[in-house]
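Trainee: Sequence lines, in order, name chains A and B. Taken in order, the first sequence gives residues 701 to 942; the numbers are from the working numbering. Taken in order, the second sequence gives residues 164 to 447; the numbers are from the working numbering.
Read the hints as simulated data drawn from the structure, not as lab findings. Wrong hints could be hidden among the right ones.
[Stated by the list, open to error] Restricting the straight-line Cα-Cα distance to at most 27 Å, the calculated cross-link-like pairs of lysine-lysine (DSS-like) are: (1) 221(B) x 785(A); (2) 221(B) x 259(B); (3) 350(B) x 211(B); (4) 350(B) x 185(B); (5) 837(A) x 217(B); (6) 338(B) x 259(B); (7) 350(B) x 785(A); (8) 890(A) x 259(B); (9) 211(B) x 221(B); (10) 221(B) x 837(A); (11) 221(B) x 350(B); (12) 338(B) x 350(B); (13) 837(A) x 785(A); (14) 221(B) x 768(A); (15) 259(B) x 785(A); (16) 350(B) x 207(B); (17) 259(B) x 768(A); (18) 217(B) x 185(B); (19) 185(B) x 211(B); (20) 217(B) x 785(A); (21) 338(B) x 217(B); (22) 837(A) x 768(A); (23) 217(B) x 768(A).
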Amino acid sequence: MINTVCDEMCLPPTDMLYGSPYEFLETGIEGQALFNLPFGDIVNFLTPYTAVLFIFALTFTIIAAISKPERQVDTVFGGDACYTKDIPQDTLRFQRFMAIACGLATMGGIMAGDVFNFTLFTAFIGITNIGIVAAVKNKHILDNAFEYGLLAMIGTLPLFVGAALVLATTGTLSMWGLFNSSAAVPLFAKLLLVIGVIAEGMAPVFVAKAEITRAPGAPFILMVHVSSLLIFLRMIEIVISV
Amino acid sequence: MILLYIILAIIAGLLFHGIHRKVIARIQTRPGPPIWQEFLHVMKFSFKQTWIPKTASKVLFVAIVPAVIAIWAGALYVLLTGGSLLIIFGVYLLHKITEHGLGLSSGSPYGKFGAIRSVLSAASEIPLIASIAGIYFITGSLMINDIVAYQAANGMLLITALPIALAMYVIILSKVPYSPFGIIEAKEIVSGNKTEHFGAFRAGLEIGFALKTFVLLAVFVTVFIGAMPFWMLLAATLILLMTMSFICALTPMLSPYDAVTIQIGVIIIVIVYMAFMAVFGGMP
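Produce the complete structure using the sequences and hints provided.
Mentor: Structure follows, in structure tokens:
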């Protein structure tokens, strides 16, 4: 995605962007890259920082895939009896599917070497998070899923506009190039990216409102928290580095 | 060698927890437990009968314990090798996920309330982001080796960037036992997110939390004072912890909303400080 009509702010030609995988990307923020996988000018890569995030996302995705949910204990209102809540089989299947999709999107966002891909995966995380919460057939929970859905949809606007501004001002979306370039990304573009990720990553707050006493499904609901925090951590790395 | 350091850090962390309890007790004119009480706790829990509650999500209930130990052992490795402060920041946030998972996994309402409070107290991460951004703007790097080198050339960040150090201090304070910000384990919800983890699981958690305490204190000392021999690091971290013991002994547990309000106040102070530095000089 290198712009052919760059001014002096633009990056060097594509063939100058990649050296040896182990000698190129080294920043004062997260150390030297451990691994890279170039697709044209888009280079997917892992640094020690993103490797930690990736391993964590992978671990919790596996846990979500193989765990059965907890059976939440609740008290009968007005009495001293207790009962446990169970998740119906079809809801369980759907939540598990969404949790795994959410984990895959998170891993994609962590490994993305392109700002546009990062924003796509972030939007994907928002969609899967809505799915995890909205799977529960309860008015209060569906209300929260609806509110979060609106926020996530609105959040895609600054998210993608931020990515578009990065391309317009630097001539590339490749992080591999941007991290090593002196071409400055405008503060406004960074701000839009931050606002977009925060809007997509607000899901745990809505889940917290809904799940206090109503929704069992710990391994799946936890994926909402995992994905939001991990994508937030990746966003911090990108915003500081570009 | 790194394994030896991890074991030493666990021992130091457990001892620190014991000293912390002792100092709090003495300030409150109580005799308090012996300083090796936390070792005794770990030993006791290790050999007590252990089972998984019938209502728990079994895999998550068990997996969360090694996850706590693993992330803080990783953070210690990063600190010892002079790696990126951003990774330690990441580990701090990953710890938040483990706190949440710990409470959700059992099916207990007490654990779940602890988990929900963990989400609410996410405000404590905001001062951390501000602190780390401030360190980056001042030193031009987030690699711990570079930050240590910067301090060797320009003096301690504890003096030259005091508001940032104070923000980090509040963050660490929020994670020590009996902290006024420790809303996730408040006694009105029994032991909060840890309520249902007992026996060997609780022993594992105590080990992970001891490691966390030591790592956070050691990060503060290294980043704001500088590199030093291991024995001196132990002494400095202990002094730092004892200052926190005074605060824990003299301050009641805050309500969840008060805790969040104070943490937001801290970030405003850091942002004003950084804006002041940017306008009137002081940042490279």
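Trainee: Hint by hint, say whether it matches the structure.
Mentor: Results for each hint:
1. Distance check on the hinted pair: residue 221(B) and residue 785(A) sit about 16 Å apart at the alpha-carbon level, within 27 Å; holds.
2. Taking the CA atoms of residue 221(B) and residue 259(B), the gap is near 20 Å; set against the 27 Å cutoff, the hint holds.
3. Simply put, residue 350(B) and residue 211(B) have alpha-carbon atoms about 23 Å apart, close enough for the 27 Å limit, and the pair holds.
4. A distance of roughly 19 Å separates the Cα atoms of residue 350(B) and residue 185(B); the hinted pair therefore holds under the 27 Å criterion.
5. Straight-line distance between C-alpha atoms of residue 837(A) and residue 217(B) comes to about 24 Å, which keeps the hinted pair within the 27 Å bound.
6. At most 27 Å may separate the alpha-carbon atoms for a hinted pair to count; residue 338(B) and residue 259(B) meet this at roughly 11 Å.
7. With a C-alpha separation of about 25 Å, the suggested pair residue 350(B) and residue 785(A) falls inside the 27 Å cut-off, and the hint holds.
8. Annotation: proposed proximity of residue 890(A) to residue 259(B) holds, straight-line Cα distance about 25 Å (limit 27 Å).
9. Restraint check for residue 211(B) and residue 221(B): the C-alpha separation of about 19 Å stays at or below 27 Å, so the hint holds.
10. Only pairs whose Cα atoms come within 27 Å are accepted, and residue 221(B) paired with residue 837(A) is accepted, the gap being roughly 24 Å.
11. For a cut-off of 27 Å, the pair hint linking residue 221(B) to residue 350(B) stands: about 25 Å separates their Cα positions.
12. Proximity of residue 338(B) to residue 350(B) is assessed by CA-CA distance (about 16 Å); at most 27 Å being required, the pair is judged to hold.
13. Restraint check: the Cα-Cα separation between residue 837(A) and residue 785(A) comes to about 13 Å, which is no more than 27 Å; the hinted pair holds.
14. A threshold of 27 Å between alpha carbons decides the hint, and for residue 221(B) with residue 768(A) the separation of about 7 Å falls inside it, so the pair holds.
15. At roughly 26 Å between alpha-carbon atoms, residue 259(B) and residue 785(A) fall within 27 Å of each other, so this suggested pair holds.
16. Our distance criterion of 27 Å between C-alpha atoms is met by residue 350(B) and residue 207(B), whose separation comes to about 22 Å.
17. For the given pair, residue 259(B) sits about 22 Å from residue 768(A) by alpha-carbon distance, which is consistent with the 27 Å threshold.
18. Our distance criterion of 27 Å between C-alpha atoms is broken by residue 217(B) and residue 185(B), whose separation comes to about 37 Å.
19. Of the pairs offered as hints, the one joining residue 185(B) and residue 211(B) holds, with about 25 Å between alpha carbons and a cut-off of 27 Å not exceeded.
20. Between residue 217(B) and residue 785(A), the direct Cα distance comes to roughly 12 Å. Compliance with the 27 Å bound is thereby established for this hinted pair.
21. For a cut-off of 27 Å, the pair hint linking residue 338(B) to residue 217(B) is broken: about 30 Å separates their Cα positions.
22. Proposed proximity of residue 837(A) and residue 768(A) is supported: the alpha carbons are some 19 Å apart, at most 27 Å.
23. For the proposed pair residue 217(B) and residue 768(A), the alpha carbon gap of about 12 Å is at most 27 Å, so the pair holds.
Hint compliance for this structure: hints 18, 21 are broken, all remaining hints hold.
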